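Work the whole structure out from these sequences, hints included.
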Amino acid sequence: MSVLNVPQPAFMEEEEIAIFADAVGKFYQQHAPQKRVDKWREDGQVEREFWREAGAAGLLGVSVPAEYGGHGGDFRHDLVVIDQQSKHGVDGFAASLHNTVILPYLVRHGTEEQKQKYLPRLVSGDLVSAIAMTEPGVGSDLQSITTSAMKDGNGYRISGAKTYISSGQIADFIIVVAKTDPNERAKGISLMLLETEGAEGFQRGKKLDKIGLDAADTSELFFDDVFVPAENVLGGVEGRGFYQLMGELPQERLIIAVGAINGIEKALETTMEYVKSRKAFGQTIWDFQNTQFVMADLKARSTAARIFVNDCIARHLKGELDVATACMAKYWVTELQGEVVDKCLQFHGGAGFINDYPIARMYRDSRITRIFGGSNEVMKMVIARGM
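Using the numbering used here, the letters of the sequence shown map in sequence onto residues 585 to 971.
No lab work stands behind these hints, which were simulated from the structure alone. A portion of the hints provided could be inaccurate.
Unchecked claim - List of simulated lysine-lysine pairs, BS3-like, C-alpha gap at most 25 Å:
(1) K671 x K619
(2) K671 x K927
(3) K699 x K735
(4) K794 x K927
Unchecked claim - Have a look at the derived ranges for each label pair, beta carbon to beta carbon:
(5) D725 x D906: 21 to 31 Å
(6) T695 x A770: 15 to 25 Å
(7) K771 x A935: 52 to 62 Å
Bear in mind that the values here come from a model prediction, so they are computed numbers and not experimental data. No residue lacks a Cβ here, since even glycine has one placed at the ideal position from N, Cα and C.
So this is what it looks like as structure tokens:
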């Protein structure tokens, strides 16, 4: 239970999960103290060594099968890593992207050779991953991408540009969404596996200057006839990329909803501490009826959102989370996050506009959740199709 007595997923009470959560929390305390996280914000990225430390501690690939170097856990263990990261304020570390978005592509769709070759190094932190989907001028319409991967002898040549790529500055393993048949839309898309070291024609663009997520690097990537061998098509057969992407999107959108509800609860807890200690007109801000009414409303709706997210998690653990429900969670909880953080900042007054206060960073960081993973407008389109 959180400080606000919000119900957590039932499995969090299981002894084995509680022990793992304690170990993950201690890792973050020891290896990601505030001073180190502040340096990441200043640098605009998490240093490469932290990934190896996290790998050595067992925080990467927790749900990857043991035969591929993983820890044989499941989605519950992935959620523990994310939950503890939020609780300890470890900004910038893209564990959720690495563990719950990118590695599942290899686990579920990779050939045996691809799994054996890449998963152990992704689990150890020797490889940091990214996925290159978005292109300049394309946005959420993946079927309209122009990056190509054309056959050339015993492999393919990748040409094109990607933008807004999380971990783009440090990733050395990238899943590139490309057209192997430019004449087709969905059927022409393949996912190409690229190791960046020694990849001639691959270039990282500038680290993009964002309004939030200061410690997380986001970049442009350029591909100028970058060669990859034929065996680097995910799954070994071209033309399946769009369907592989669609199959993984429910989990990705659920993870965004999980991050949003964690952010909501953290904003409320931070604000409760502030309004009960800050005085104005001879009393604390909490003593004003308006403060109590607004905070009561936010708590009620955040509790409803938490229960919804917990239900989505339970469905997903049973393999029953459908696309529309995942879109509802992503859309509704991120919209609520924006409203909650905005109202919480208002209670901080002028202090809420100062970056030294956590609520200011939460305000900036939360804005992207309504955009990435598919914009909320796209979420509503998907929901409407099923009505």
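Output the numbers, in ascending order, of every earlier hint that fails for this structure.
none
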